Amino acid sequence: MKKILFIEDESTLQKTISEILTQEGYEVISALDGELGLKLAKTKNPDLILLDLVLPKLHGFEVLKELKEDEKTKNIPVIILTNLEGMQDVEKAIKMGAKTYLVKSNYSLEEVTDKIKNALK
Amino acid sequence: MGSILLAYAIGTKYIEDPYMVSLVIIVITLVLLVLAYVITRSFDRLAEANRMKSEFVSIVSHQLRSPLSNLKWTLDLLLSERVDLDDKKELEYLKILEENTQRMGNLISDLLTVSRIEQGRFTPRKESISLNELINKIIEEAKVFSKAVNAEIIFKSGENLPKIFGDPSQIKMVITNLLDNAVRYTRNRGKIDIGLSQKGKNLYFEIKDNGVGIPQEDSKYIFQKFFRSQNVLKEQTNGSGLGLYIAKSIIDKAGGKIGFKSQQGSGSTFWFSLPLK
Chain A
1 MKKILFIEDE
11 STLQKTISEI
21 LTQEGYEVIS
31 ALDGELGLKL
41 AKTKNPDLIL
51 LDLVLPKLHG
61 FEVLKELKED
71 EKTKNIPVII
81 LTNLEGMQDV
91 EKAIKMGAKT
101 YLVKSNYSLE
111 EVTDKIKNAL
121 K
Chain B
1 MGSILLAYAI
11 GTKYIEDPYM
21 VSLVIIVITL
31 VLLVLAYVIT
41 RSFDRLAEAN
51 RMKSEFVSIV
61 SHQLRSPLSN
71 LKWTLDLLLS
81 ERVDLDDKKE
91 LEYLKILEEN
101 TQRMGNLISD
111 LLTVSRIEQG
121 RFTPRKESIS
131 LNELINKIIE
141 EAKVFSKAVN
151 AEIIFKSGEN
161 LPKIFGDPSQ
171 IKMVITNLLD
181 NAVRYTRNRG
191 KIDIGLSQKG
201 KNLYFEIKDN
211 GVGIPQEDSK
221 YIFQKFFRSQ
231 NVLKEQTNGS
241 GLGLYIAKSI
251 IDKAGGKIGF
261 KSQQGSGSTF
271 WFSLPLK
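Protein chains in written order, with my numbering: chain A, 1 to 121; chain B, 1 to 277.
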């Protein structure tokens, strides 16, 4: 079973993504802040990380930086899932090694789910 | 430089005394320097206003998008043919829709209030208000929220306090904001003490919590629009950063004073005083 770590402080988004992905046969691990997300990324060996940027305790860019600096986590694909849509943020995330950058409110739940599944193929 | 040379040329043509020429040049140079300073400052202010406007748009759009994404994904889930939801789960998601609609509505109300304040259209009504009754009503309304986070609210009021003249809905907004912050930023088992007393010709309101407190370096920004303290951001990213700005604007307009004292990690006490007449 493929494991997805979702680092997101909005519990509603956590619930909805988990609901659909769990029913489609994936395991979803939730982290409601950046610090916990980073810890779980290092201990749970996820196959994919969904990362929000505006996060409590540790900003998403800090999480991404640490993930990419750590031998253990640097090869895990990271999808940025945020509501910030400045070009600077997109460029920064891609430069730092994120696989894709998605603005949450621009995509339906099913579209996001399909992008996650494609990234795991 | 060109202007100084021109002043020198004109000065030497009409004035013979070299001391007077030097004096004229010094005066003109000083005037030019002052002018350059004023123009640069105006440009800086324009740039700052422009930067703040862009920042405002960016913060507002991010704040509105959060509940919007929640609404969108919850609706998607409820309508999806790929997911099976039993009645209990459906009801749970319908409640989430209701909460997020409320959250979005609150944010829009706050933004409209700020806009009215800034355009000078937030004129208070003048009515006789019993703050005591108003506070009890607000505490009653906050019960569901405070119970959910295990916060205890204790209200102590002085006896036979006089009424004040003010706008009940605006004063309610202030107290609700202060109480909401106190409940929101206390960790589990929060203890909130509210006091109301008469101090000279003013009514004095105080709300004390044992929450996360405010770091010293953030103190001067606490009533600024959209400002959110770093330690609050670490705990919880929801919140518009408009509540205290609105509270201060209302109290200032009513001729009162508002302030706080706080220690990071051990809580905050916010207070305001309103004149009796």
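Hints listed in this document are in silico derivations from the structure and should not be mistaken for laboratory results.
Errors might be hidden in some of the hints.
With a straight-line cut-off of 27 Å between C-alpha atoms, the simulated DSS-like cross-links for lysine-lysine are [claimed, not checked]: (1) A/121 x A/57; (2) A/115 x B/72; (3) B/143 x B/172; (4) A/3 x B/72; (5) A/3 x B/89; (6) A/72 x A/95; (7) A/117 x B/89; (8) B/53 x A/92; (9) B/225 x A/99; (10) A/15 x B/156; (11) B/88 x A/15.
Because the structure is a prediction, the values reported are computed rather than measured.
Agreement of residue 3 of chain A and residue 72 of chain B with the hint, judged by alpha carbon distance not exceeding 27 Å: Holds. Residue 3 of chain A to residue 72 of chain B sits at ~25 Å (cutoff 27 Å).
Given hint residue 172 of chain B paired with residue 143 of chain B - CA-CA distance at most 27 Å: holds, 16 Å
Residue 15 of chain A paired with residue 156 of chain B [C-alpha distance capped at 27 Å]: Violated, at roughly 41 Å.
Residue 115 of chain A paired with residue 72 of chain B [C-alpha distance capped at 27 Å]: holds, 17 Å
Proposed proximity, residue 95 of chain A with residue 72 of chain A (alpha carbon, max 27 Å): The given pair, whose Cα atoms are some 20 Å apart, holds under the 27 Å limit.
Holds or violated: residue 121 of chain A to residue 57 of chain A, with C-alpha atoms at most 27 Å apart: violated, 32 Å
27 Å Cα cutoff - pair residue 117 of chain A, residue 89 of chain B: Answer holds: residue 117 of chain A to residue 89 of chain B is near 24 Å, not above 27 Å.
Residue 53 of chain B paired with residue 92 of chain A [C-alpha distance capped at 27 Å]: holds, 23 Å
Satisfaction of hint between residue 15 of chain A and residue 88 of chain B, Cα-Cα up to 27 Å: holds, 14 Å
27 Å Cα cutoff - pair residue 225 of chain B, residue 99 of chain A: Not satisfied, since the Cα-Cα distance of roughly 36 Å exceeds 27 Å.
Hinted pair residue 3 of chain A and residue 89 of chain B, Cα distance within 27 Å: Answer holds: residue 3 of chain A to residue 89 of chain B is near 24 Å, not above 27 Å.
Checked against the numbered hints above, the structure breaks hints 1, 9, 10 and satisfies the rest.
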